[in-house]
Every structure is written in C-alpha cells, then in structure tokens.
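Can you build the whole structure from these sequences, using the hints too?
Listed below are the residues making up each chain.
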Amino acid sequence: MSVGLYGAYGGRYVPETLVPALDELAQAWAAAQEDEAFRNELDGLLVTYAGRPTPLTLAERFVPGKRLYLKREDLLHTGAHKLNNALGQALLAIRLGKQRIVAETGAGQHGVAVATVCARFGLECAVHMGAEDMRRQRPNVERIRLLGAEVRPVEFGTQTLKEATSEAVRDWLATVETSYYLIGSCVGPHPYPEMVRELQSVIGTEAREQILEAEGRLPDAAVACVGGGSNAIGLFSGFLDDDVRLVGVEAEGAASLVRGRPGVLHGARSSLLADEDGQVLDAHSSAPGLDYPGVGPEHAFLRDTGRAEYVSVGDAEALEAFRRLSRTEGIIPALEPAHALAHVAKHDVELVVLCLSGRGDKDLAEVVGL
Amino acid sequence: MKRLAVYLMCGADTPELAEAAVEGGADLIELGFPFSDPLADGPVIRRAAEQALAAGMRTAACLKCLASVRERVGVPLVPMTYASLLEAYGYERFAADAEAAGAASLIVADLPAGERPELRRVQLVAPTSTDERLRLAAEHTDGWLYLVTLTGKTGARDRLSPHLAGLVSRARTITNLPLCAGFGISTPQQARAASELADGIVVGSRAIEVAEEGPRALRDYVSTLRAAIDSAVPAIID
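Chains P and C, in that order, are what the protein sequence lines are.
First residue of the first sequence: 2, per the numbering used here; consecutive thereafter.
First residue of the second sequence: 589, per the numbering used here; consecutive thereafter.
Honestly, the hints are just simulated from the structure, not real lab data.
We treat Cβ as the ideally placed atom computed from N, Cα and C, and that holds for glycine.
Check before you lean on any hint, since a few could be wrong.
[What the hints assert, rightly or not] Partner residues are not named here, just some residues of chain C that face chain P (Cβ under 7 Å, in silico):
hint	residue
1	628
2	647
3	672
4	675
5	740
6	784
In structure tokens form, the structure reads like this:
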C-alpha cells in the first residue's frame, strides 16, 4: 500500500487531508513526464530563462595536484540550483490549475527561486521562512519581497528551515484545494522526493557529458553538499550507474546521514537527527541551507546500500574553503557548497566533479561577522 | 447518546484534569503524546506539546501518565501522537505497551490509511478524502472514524465548518461505524451543531486552553458541551 519507497525510506506520512492532493500530484507528474509539450516548455525555459547549460569550470589553483571541476549552478539565474526545481514544479502547478504557491525556505535561495517563477507566471506566492534565517539571509528576504512574494516569518522553535517547512505544510493543509506546495528539496511525502530528483537530474546529466568532453573519461568522484540533498541527488543521478564514487558532504551540526537514526519528519521516513524517543533535534550550521535535521529518503537509501558515502565538515573548515575559493579562483561560493569544497581538499581522488550549488553573495554579511 | 471526546496533553496534572473532564460529561479522553514537529496541529496544541516536552514528557513518561489516568477514570483512553514516536519506540511495542497501560486504541495524525496497515488505530478522514479513501479508512479503522471537519490544522474557529455535513453524508453511505467530528469545534453552539450531524465530537485546542485554568474550569466547560450535545436534534441529511 505504501508508495514512493526507497528501501525502508520515503513513503507518505501526512495527515489524511493531504493524501488526495498527493495522489493528484503524482498523477499529474506522471502525465507531465509523458507529455512532450511539458518537457519542451521546461527545457526551453531552462535554456532561455534560467541560463542552462551551466558551465563546468576547472579549478586549477584551489587544490593543486587534483583536477577539480566545478559544476557552476551558481551561474544559474537567481544564483543557485533551486531554479531547476522551481521552474518544473511551477509548470506542474499551472497544469493543476493552482493559482497560489506555498513554499518554505532556509537560506532563502529556494524562496528566491519560487518568488521568481511566481513573478514569471503571475502566481500568488507565500514563502515561510524562520525568523533566524531572515536575520542571517537579509538580502534574500529583500529579493523575495521585491519579486512580489509574501515572506511569512516563523517565530517559534528553531526559527529555521525545520519550522519553516512545518508552517508551509500547515499552510498547505488549510489551503490545499487552491494552493500548490512547491517543496524545495528532495524531501517530503511521495511524489516530492522523486519529482525534485528528476527536476534536478539536469545537473548530473550535463556534468557527465561535460566531463567526458573535457577529460575523455568519467570522474573518480562526484561530490556535493547535502542539506535536504537536492543538488547532490541531481548530480549523483548522472553517475549512479557508473563506477564513480558519490560523496555527500553534510554540515557537522546537521549530519542527519552521518549521525542520524531512522525517523519520520515532514511526510517521509528517512535518517534524522532525533533522540531515542523520536523527538527531532535542532540542527546547527552556519550555512542555512544545510541547517536541517532531516534529509531526502533516497540519500538514506544510498547510504545504506553503500552506493554513496556521506561525510561531515564543520563551520570553520567550510569558511576557510569559502575564502580560499574566492581568492584562488575568483568565485565566491555559497556557504553550503563551501562544505563540499572543504572536503574535496582532503579527499584521496584525482579527478572530481563538484556541484557548486550556489553563489555566496547572500552570505557576505554573515561571513564578515564570523 | 452522542459521544463527547476531550483531548488533553500528557503532563503532571493530566490525571486530575481527565477526572474533571469525565465529571463534566466526557466519555472518551484523547491523550496527546507530544511530538517536536506536530504538522497537523495549530498553535495551541503545538505550544502545549512544546511545554510538555520541556517538562520531560517523553514516551515512557506519557505511558505512565496514561496508566495514571486509567486509575482515575473508566472511559476509553486513546493516545494521539505522530509516527516518529512509534518509529523510535517500535510500532508493535508501542501498541502493546499503550494497551497494557489502559489505551482503548490509538490515533496517529500523520499515518493515513494505507501506511502501516498492521497497526490498529482510529483512522481520520477529511473533507478532501475521496470515497475510495473513505472506504479504505472505514475498512482499517478501529471502532469509529474521526472526521476532520475542515481542511487545515487543529484549533478553534468562529463557525462550524460547512464541510462537515457533506463529509458525514458521504461517510454514512460507506459505513455504519460511529462518526466523531473534530478540528475547529470549541463552543457549545458548534458542539451542538456538529453532534446533530455526527455521532460524537472531539474538542481539543479549547479544552487545552481551559485546562490551563484548572480542573474546575475544565469540568464546567465540558459540562456546557455535554448539555449542548445532549440537546442536539438529529439533522436530516440528504
């Protein structure tokens, strides 16, 4: 009876009110994938609006002795990979006849991407964001508002992505007949993890072609940071069937794969930071996009099967990598992929493709203060 | 007679409060086992859960609380919680230990019909549920169906949801099981109107608020609900 399973993970752990909407969404998603017009419209927008394909840049000075290629999602319109997903889901919302979009955001990158597509398609938009994240990602709050969306502060609990996600789900519960919930990562109840993975798989598909073009061979490893895990699953999906190591890098204080236990949060069974009673613990990271105690169920499955490996990196190392990439390559990364960069410097492989999931402008105020 | 269910959060005062609710006319007590991220709950129950967790009401303490309530009152007791607690404790073990502590059944707010079918529990249905989902829930439920009156989270509302009548009428064509309506019922007027449609009502957020004023206030509040639903005249639904 359960749907959307990745081994023992995934599923649909939601109040009954949402089940019919998830069924409708799963059907619409399946139909859209079969529909050439949908595919063509999305591919066209990815090229003409979002700026795909993004380049694959060889970073020659960052880690001498390795061939490190950066998949430049930071160059995508709105400055992060989030737009790939937001565009696809917005087209789906329109197919479903929904005029109002609900979303959560942590770092604000997903919030900006959603506000952007809502402006582009003339949809009403409410973005739930933790008050603490609003404080530390001020520029993104201003961008979301400038784009015409409403930012709803979440002022209880951790005041970060966990609570913002809960509030977005509660908003959707109350407005499910007229609203579309545009989730930002490969988390949540079925069909979201699968849908977000497919929409982000463009990262891996392009990266695979580009590295073959540049080096004439596949990389030794594909590396990405993991919060909810959407940029990582997008990159990994291009190399799943290859002899390529897949490495996910979590933040030390939010390492739900490295240190988690099975649990249920926000509609899916996955690996969580939780105590022995199943109470979800607070995550802590300087990178708001990684500051989440859960992770997409497919990552928990890839960890258990051994197909992907997951490690964690602390705030200080990430910050050092943030500064070093800026000085050695002239690229200011977001704090989230800076975690992946920090790990690569230690990783014993020669040829690496790393997903540079976003640019760091949003983090400048925080970094200067750190 | 119409059934009146009252929701209380597990805590030190809960046995005394449950006794007061039963004196006031409650004939079922739902006992909240608090969860850190209660998706289906509005601000009142969410805050009550935060306070209960801060006071140490983890699963073992909640089961003890359940047993203490069992010693004080004779009505059915139904723990209401979220799947994460059962994941951590073990689904079968949770069901067995809750039963041993005096639970009549369970409600798991984020475990819709179809997920974990082996776990006996009261299923919730909502205005958005299709007839197919109503049938599945009726087939799997434990004794009665919990009708969520509105699309949204728990919490008091100004008026009874206009969706309840349609949901009751659809559910009646599918099942003969008792139907209890909850979410958004707080005033005697709403209680009466809801019980004219359904076989019983559940009061949560408002009961939690009144319980903060103590057992006497809770008993008086519950007795006004009791009087309201006992005066209900069954509505004819087509």
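These are the hints, each one checked on the structure:
no. : hint : result
1   : 628  : holds, 4 Å
2   : 647  : holds, 5 Å
3   : 672  : holds, 4 Å
4   : 675  : holds, 5 Å
5   : 740  : holds, 4 Å
6   : 784  : violated, 23 Å
Checked against the numbered hints above, the structure violates only hint 6.
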